[in-house]
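Chemist: So the chains spell out like this:
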Amino acid sequence: MKIKIFIFISLFLSLFNNFSFAVSQTGDIFNQGCSFYEEGNYLQAINAYESVIKKGVENPTIYYNLGNAYFKNQQLGKALVHYERAFRLSPRNEDIRFNLTFARLKATKEKTPGIFKKIFFNIYNLLNINELTLFTSFFYFSLCILIAVYIFKKKHLLLWLMIPVGFLIVFSGSWLGIKIYNEKITTSAIVIVPCGEVRNGPSTDYSIGFTLPEGEKVIVLQQKDSWYAVGIKEKGLKGWINKESIEKI
Amino acid sequence: MKNILLKILFPGLILSVLFSLFSIGGQTAFAQDISLSASIDENIISLDDQLTLKVSASGKTTKIPSPTLPDLPDFTVYSSGRSQNVSLINGKFSSSVTFNYILSPRKAGKYTIPPITLSHKGTIYKTSSIDIEVTSSAAHYPPYKSKPPQTSSPREEHLERGEDLFITTSVDKKTSYVNEQIILSFKFYRRVRLLSQPQYSPPDTTGFWFEDLPPQKNYDSMIKDRQYTVTEIKTALFPTSPGKYTIGSANLKCNIEDFSRDDFLGDSFFQSFFSGGKTKTLKSSPIQIKVLPLPEKGKPENFTGAVGKYSVATSIDKDKIQVNQPITLTISISGKGNLKTISLPLIKNIKNFKKYKTVSSLNLSKKNYTIKGSKTFTTMIVPQKAGEQTISMPSFSFFNPKAKKYKTINPSPIKIEVLPASKEETSSLSTLPQFREGIKILGEDIRYIKTNINNKRKVIFLYQSPLLIGFQLGAILILFLLRQYKKQTDRLNRDIGYARKKQALKTVNHTLKKAKRMINLQNTKEFYSLLANGLLSYLGNKLNFAARGITREELSKQLKERNIPQDTINQCIKILENSDFARFASSKFNTEDLKNDYQETTKIIKQLEKLL
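In order, the protein sequences belong to chains C and L.
Take the first sequence: its letters are residues 1 to 249, numbered as in this note's numbering.
Take the second sequence: its letters are residues 1001 to 1612, numbered as in this note's numbering.
By construction, these hints were calculated from the structure, which means they are not laboratory data.
Careful, some of the hints might be misleading.
Computed spacing ranges between beta-carbons, pair by pair [unchecked claim]:
id, chain 1, residue 1, chain 2, residue 2, range
1, C, 109, L, 1472, 41 to 51 Å
2, L, 1066, C, 109, 51 to 61 Å
3, C, 109, L, 1094, 48 to 58 Å
4, C, 211, L, 1472, 42 to 52 Å
Pairs of lysine-lysine residues, derived as DSSO-like cross-links and limited to a Cα-Cα distance of at most 30 Å, are as follows [to be verified]:
id, chain 1, residue 1, chain 2, residue 2
5, C, 154, L, 1487
6, L, 1450, C, 106
7, C, 248, L, 1458
8, C, 153, L, 1487
9, L, 1506, L, 1560
10, C, 54, L, 1610
11, C, 55, L, 1458
12, L, 1450, C, 217
13, C, 184, L, 1458
14, C, 55, L, 1450
15, L, 1502, L, 1610
16, L, 1336, L, 1367
17, L, 1450, C, 248
18, C, 72, L, 1458
19, L, 1486, C, 155
20, C, 154, L, 1502
21, C, 154, L, 1501
22, L, 1110, L, 1283
23, C, 153, L, 1502
24, C, 217, L, 1458
25, L, 1501, C, 153
26, L, 1450, C, 72
27, C, 154, L, 1486
28, C, 155, L, 1506
29, C, 184, L, 1450
30, C, 243, L, 1458
31, L, 1610, L, 1560
32, L, 1060, L, 1126
From the three backbone atoms N, C-alpha and C, an ideal C-beta is built for every residue, glycine too.
Required output: the full structure, derived from the provided sequences and hints.
Modeler: This is the structure we're talking about:
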């Protein structure tokens, strides 16, 4: 009986007040985020996408959409953080690449890189960590099979085959190693406030050494209380920034 | 749980119902705030007079629509504007609008204006009906006797009646071809002073293109010994299609001095002085026009409807040009007629030239009340091939209504010398940004979001996966084991002694198993035969010598050489002797003896296994 009353009331409410019950499915929240985005309600879209991520979803699409919503909401730093995350997971996706480059250009006002840098960038970002792991593993197992066959059949051809396979292992392995080092061991972060003040020590007592524009990428070197030691390799700069001013990728 | 939900939801339900009730109530309250009323200035008027109908609407809204007047067949109705007053009091808008209409009666009699309606937000508001009495002019205004009732009539009638004020409309021809110019003249004759600028509403000219013909002419004219001031307005009309058309009546509303009441010091003097005299509405008679279709006979193929008298001039800005350099081709049509409707002469794709969009410009002159002028079509062309090129010009046809004939003009073709491009010129095709039909980037923005999400799981990094690492380490282990196995098999194949030694235990265990079965079968001979053979071949395999037919002495010597203890040697000899007894001397052995010997043998083998 109580259930019937409950159903009746909920139907009644939904008829008169467009009352909608909280959607629990991540897919529904995602779709809601998309419709908020379409309406131009970017703040609501951000909320929806963030809650999808909180529910344990992690994929390039959600990061890409969240980046777009932040971009439209004029939060360039946050947008870049999410584009970077999306890009690491799906480095060949055209849209992610385009928006990341577009936002980066807007943030840093840097000129488009030279042709060689561009080619290198494209090759380096051809495969993500998992794909490189698979490639390296494949070559490794191929070499193992070649060795196993060689144990029983001492053919010179097998030895000759081992050379290119071994080279491929070294190549993809070092590529993978560099990627893991850059993306997993080194912690990169992006400035998410309009003007990030970098001080000469981990407290406001120290003087400001330099400022960073929103969207600038830094490397996090160490942490002390609510301060991060950050550095920019190309410019040889190093200092301490408040935790709130940057977000790790 | 359900109770809690009910407790939470029930107030919400009540609130929602209350809110919806309030919102409906609010809407009705707003809707009722419009009030509509209608009034007239006089209830009794004469036939040549007119009355003002005022419809007032006011409400708490900024947008009040126009009211709908009912059909009034006995009156001519003109709208004379509206006045609006919007005020903002306590943050709420309220406005009142008054719509003014002038009604001039057509016949004497008693009439009723039915309720006037106004529809706003789905509600229809009505005024009450109004009664009017229209008297013949004499009855109401005796001094007006000298002025006959005003009806639409030609000029002569007005003159005969000796009116001081009248209007006429006339045309220069009542029969014309489609798109041929007709001049409509409107004339306003007056002998009295006007108190304000008269309001002219031009006649209805549906079915015609029209073009104003300024200037307005003012002159004096003597008609039947009476001097009139005449204002003349001319309009050019061009019929759009054949048939019979009516040019409607023109109307003129003017304010004149009112001398009809001669009680100089009476109220009416001041009334006329302050109210600005008397308003009169004048009307002209409609005119019938017959529009003839253009003859089908001799109609050229490229005829597009141009009527009048035209000439065509063509020109190019350069006659010597390099490949890929633009040239401007100009075709100018000038003459008398409705130039606005002249369409672009068809320029076919010119061989060896790239053609861009044509732009037209119009230059009109209205001197002597005739539409004259020129329409110029400018086309950008770019030669694609060097050499002497000829551009043939499109022909243009029109109908001359005076000669009642079609005429086609064929402009002579133009020759252009196209020079080959220098190297920079060839590449400069792409440097014509205003003509290039390519991709244009107008504004860059980020790309749109992705609307479907396929994978909802968290990303797992394979390089951290214990399974993959396990497989990789396992592969190394397997390789190591394979290598060991290969080594072993290789040695077994190469070294017979080693192979025999490795197989010794396996063989003897097999034989001993068989012997054990013989104990159960009480087959003493077979048991000892197996036992002796097993032991001997084991020793032979282990020490790599021929076991069969070896003497006891030889055996003890061999074993001694390998540093086997004397005890073990003796035990071996004993087992072998026992078996010889059993096989050849048919001595009696019971089951216990067999079991003892069996255990003894296994013990010996165990000991030897440790030593050898």
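Chemist: For each hint, tell me whether it holds in the structure or not.
Modeler: Taking the hints in turn, this is what the structure says about them:
no., hint, verdict
1, 109/C / 1472/L: 41 to 51 Å, "46 Å, holds"
2, 1066/L / 109/C: 51 to 61 Å, "57 Å, holds"
3, 109/C / 1094/L: 48 to 58 Å, "54 Å, holds"
4, 211/C / 1472/L: 42 to 52 Å, "47 Å, holds"
5, 154/C / 1487/L, "13 Å, holds"
6, 1450/L / 106/C, "22 Å, holds"
7, 248/C / 1458/L, "18 Å, holds"
8, 153/C / 1487/L, "13 Å, holds"
9, 1506/L / 1560/L, "24 Å, holds"
10, 54/C / 1610/L, "67 Å, violated"
11, 55/C / 1458/L, "10 Å, holds"
12, 1450/L / 217/C, "25 Å, holds"
13, 184/C / 1458/L, "16 Å, holds"
14, 55/C / 1450/L, "19 Å, holds"
15, 1502/L / 1610/L, "13 Å, holds"
16, 1336/L / 1367/L, "11 Å, holds"
17, 1450/L / 248/C, "24 Å, holds"
18, 72/C / 1458/L, "26 Å, holds"
19, 1486/L / 155/C, "15 Å, holds"
20, 154/C / 1502/L, "26 Å, holds"
21, 154/C / 1501/L, "28 Å, holds"
22, 1110/L / 1283/L, "23 Å, holds"
23, 153/C / 1502/L, "25 Å, holds"
24, 217/C / 1458/L, "25 Å, holds"
25, 1501/L / 153/C, "27 Å, holds"
26, 1450/L / 72/C, "15 Å, holds"
27, 154/C / 1486/L, "12 Å, holds"
28, 155/C / 1506/L, "35 Å, violated"
29, 184/C / 1450/L, "27 Å, holds"
30, 243/C / 1458/L, "26 Å, holds"
31, 1610/L / 1560/L, "16 Å, holds"
32, 1060/L / 1126/L, "18 Å, holds"
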